[in-house]
Amino acid sequence: MAFLVAHFTQIVFYVLALLAVLGGIGVVTFKNPVHSALSLLGTFLMVAGLFVLRHAEFLAAVQVLVYAGGIMVLFLFVIMLVNVKKLQPEAVFLSAQAPMAVLAGVLVGALVAFGLLAGKLAAAGGVPAALQTVDGKVLGNTEAVGWLLYRQYLVPFEVVSVVLLVAMVGAIVFGLKSASLDRGEGRAER
Amino acid sequence: MSLSDFIPFVPEIFLAAAGLGILLAGITLGKKGVRTLIGSGVAALIVTAVLVWVFGRPQGGPQVILGGMLVLDNLAVFFKLIMIAASIIALIMSAGFLERSPYGGGEYTSLVLFATVGMMVMASGANLASLYVGLELMALSVYILVGYFKLEVKSNEAAVKYFVLGALSSGILVYGISLVYGTLGTLDLRGIHQALAGMAKLNWAAGLGIVLVGFGMLFKVAIVPFHVWTPDAYEGAPTPVTAFISVGPKAAAFAMFLRIFLGAFEPNIAAWRTVMWVAAAATMIFANTAALTQNNVKRMLAYSSIAHAGYALMGIVAGTAMGLWSVMLYMLIYTFMNLGAFGFVILLESRGYAGETIQDYAGLAKRHPAAAAGMLVFMLGLAGIPPTAGFMGKLYVFAAAVQAGYVGLTVIAVVMSAVSLFYYFRIVVQMYLHDGEEDEPAELIRDRWVEAMIFVCVAATLFIGVYPGPMVGWARAGISALGLG
Amino acid sequence: MIGAMHYVFLSLILFVLGLIGVMVRKNFITVLMSLELIFNAANLNLIAFSDRFSSLSGQILAIFIITIAAAEAAIGLGLIIALLRLKDTASLDDANEMRG
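Keeping their order, the protein sequence lines are chains A, B and C.
Heads up: the first sequence begins at 905 in the working numbering, then just goes up one per residue.
Heads up: the second sequence begins at 45 in the working numbering, then just goes up one per residue.
Heads up: the third sequence begins at 13 in the working numbering, then just goes up one per residue.
Simulated from the structure, these hints should not be mistaken for laboratory data.
Since we're looking at a predicted model, the values are computed, not measured.
Just so you know, not all the hints are guaranteed correct.
To be verified - Derived lysine-lysine pairs resembling DSS-like cross-links, with alpha carbons at most 30 angstroms apart:
id, chain 1, residue 1, chain 2, residue 2
1, C, Lys99, B, Lys75
2, A, Lys935, C, Lys99
3, C, Lys99, B, Lys198
4, C, Lys38, A, Lys1081
5, B, Lys198, A, Lys935
6, B, Lys245, B, Lys76
7, C, Lys38, C, Lys99
8, A, Lys1081, B, Lys75
9, C, Lys38, A, Lys935
10, B, Lys75, B, Lys198
11, A, Lys1081, B, Lys76
12, A, Lys1081, B, Lys245
13, C, Lys38, B, Lys198
14, B, Lys245, A, Lys1024
As the list claims (entries may be wrong) - Chain A residues, not near chain C, derived (Cβ > 10 angstroms throughout):
id, residue
15, Met905
16, Phe907
17, Val909
18, Ala941
Said to hold, decoys possible - Just so you have them, the derived chain C footprint on chain A, three or more residues with Cβ under 8 angstroms:
id, segment
19, 946 to 953
20, 965 to 973
21, 1068 to 1074
By construction, the Cβ of each residue, glycine as well, lies at the ideal position given by its N, Cα and C atoms.
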């Protein structure tokens, strides 16, 4: 019990990390896209937990809301909408060069790992993120992120709002079943 | 931050608002309003260009504005005006094409405008966050434009391939950015420059971040071996979109490339220069060779645009002030030449996919001497033969490389330029030496707007080729202000 | 103690899994999911570093990345729907209309 208390963070980290990796492996290996999607959901939630461990509570909430709540629903919706059979009847679901690809991926990983071990990160320091202050007042994570997001990072924030608009336009352009288009008008003379 | 701080950002805000307005107008106007919508898009772009000139220019030296997110300097103004010009020409060229198709004009025009906003942010970003966000705004808009003709299998397939590889590259880019942040402690380009300059020797982890960011950038400008998406995306996309993506996004990616590599990562040039050298050489050799065997003109022009990115990359390898402004000048010249060449592909596309094979150009000189002469100018320009601007562009990039001591790379470039003559001249031979009676060549469409734009491109290609002084002067003024050092 | 390095290696594993997924899977939907893994890997790095330096800019960039990943998923899924209407398959190997 004392061990559990003393090493609480470590234990939580390793459990979450292990589950996140298992989820990732599931995404790549499950044949059925629904199963892949569910294991991806697991990874998203574990990553959100890992964010909390690093004092990024706001991000954790965003991760759950946007990824688990938004993107995941979108994925499952499309999978259900288009009839699972269409998506995965092939007996062979991996491309022919799969072993080569795995090898290449592992090599890239080994290379990056080597670089990380041989190099070093920038020095740690400064005020703990949990205790950022503005005008002498200590802020919580959400408030601190808000101050930064709407002041210093206002320009990329505005640009991102246009990105979301573009995504909406794109989803409508591709998804809309337009009557005049489907009758094939003008399709020939292109 | 007060409201007046946003004055230099007015052009982007105006353009995004105009895009939104056109999107809404497109819903009410429907299929009939293609010309109106494209016309208002062009008007908005012209107003934006004026706004950039009035509000977007730096007073004195480079100014970092809006919390360090953007920088106002001549590099930004130069690239913004190139991109706006590219968007205007590509939009005008799309009008007739879109009218003949069953697709509407509202989404199309507004996506071009949104992509232009993204490109403008890329040209003036001073922080990896704003650069990345601008890049994604441009990339997402362009994926949709490539797949815009959703009932054409080719267009759809091109969008799928472009999307998967594009998203992968942006994932790699952002992973690289996260490593750069972890090893240098900041996202600010100036801060990164200082941190790197302060390091006695390059730390492996930082180097890895730089390499991954480099991979992402090489993908966006389509350098071998990250070019695999280009031929398919260019062939499958609707031709005006191909014309647009071969110039605007390429110029924007080069602007971002210059800012990150010749700005922020400049202290470590010795470490990444060799990679770029190899990539540039491989690109020029591979793309020019692959273009020789293409029978589809769009695909040939795709390989030609890969080769041109390879030439421009030489300026980055050189890493000098001259290298930098020669890339800027190259992008300006390439924009006009490439848009003009694609203009002819649009004009010939009268039936089905006509105008796309080289045989469609047979005997063009006899039937339409003026058109053949115009195409000849662009082919000469792309091959880099005087008195066209293409020659001037190559001259300065090659000179920059030689000056920096890269004679071997320049020799490769000159040899491969000679090879490129073969494929550009296949079209010239078809136009002038074949009568085209037996091949049933494609007929030119009468579209005076496309013709006018081609005329503008011919004029620019010849004018800059004969009298490059002002443009060179303008590009050179740009580098007094990289805004990072 | 769990340091930033632990996070960096976890994120590396997710990054490599995502890369492999994009390369080996044929199905467009699973390729999209693998891409999401890559974006998550980058976010993990950013959060860990942001805590380490006590600078929130990493968290801000992570917010942007999450938003952009959502936008990308929307467009990708739209493309899948358009693709399935045309071809009755979401396998990337069947995208072979163009060669050369």
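Against the structure, the hints come out as follows:
1. C:Lys99 / B:Lys75: holds, 26 angstroms
2. A:Lys935 / C:Lys99: With a Cα-Cα distance of about 21 angstroms, the restraint between Lys935 (chain A) and Lys99 (chain C) holds, given a limit of 30 angstroms.
3. C:Lys99 / B:Lys198: holds, 11 angstroms
4. C:Lys38 / A:Lys1081: Measuring from Cα to Cα gives roughly 26 angstroms; hence the hint holds.
5. B:Lys198 / A:Lys935: Since the Cα atoms of Lys198 (chain B) and Lys935 (chain A) sit roughly 28 angstroms apart, the hinted pair holds (cutoff 30 angstroms).
6. B:Lys245 / B:Lys76: violated, 63 angstroms
7. C:Lys38 / C:Lys99: It holds: about 15 angstroms lies between the C-alpha atoms, which stays within 30 angstroms.
8. A:Lys1081 / B:Lys75: holds, 15 angstroms
9. C:Lys38 / A:Lys935: holds, 10 angstroms
10. B:Lys75 / B:Lys198: holds, 23 angstroms
11. A:Lys1081 / B:Lys76: The given pair, whose Cα atoms are some 19 angstroms apart, holds under the 30 angstroms limit.
12. A:Lys1081 / B:Lys245: This hinted pair is violated, its Cα atoms lying about 58 angstroms apart.
13. C:Lys38 / B:Lys198: holds, 19 angstroms
14. B:Lys245 / A:Lys1024: Satisfied, since the Cα-Cα distance of roughly 12 angstroms is no more than 30 angstroms.
15. Met905: Met905 (chain A) clear of chain C: closest Cβ-Cβ about 20 angstroms, beyond 10 angstroms.
16. Phe907: The claim stands: Phe907 (chain A) keeps its Cβ more than 10 angstroms from every Cβ of chain C (closest is about 15 angstroms).
17. Val909: holds, 15 angstroms
18. Ala941: Non-interface label fails for Ala941 (chain A): nearest chain C Cβ at 7 angstroms, not farther than 10 angstroms.
19. 946 to 953: holds (count 3)
20. 965 to 973: holds (count 4)
21. 1068 to 1074: It holds: at least three residues are needed, and the segment 1068 to 1074 of chain A offers 5 whose Cβ sits within less than 8 angstroms of chain C.
Taken one by one, the earlier hints fail for this structure at numbers 6, 12, 18, listed in ascending order.
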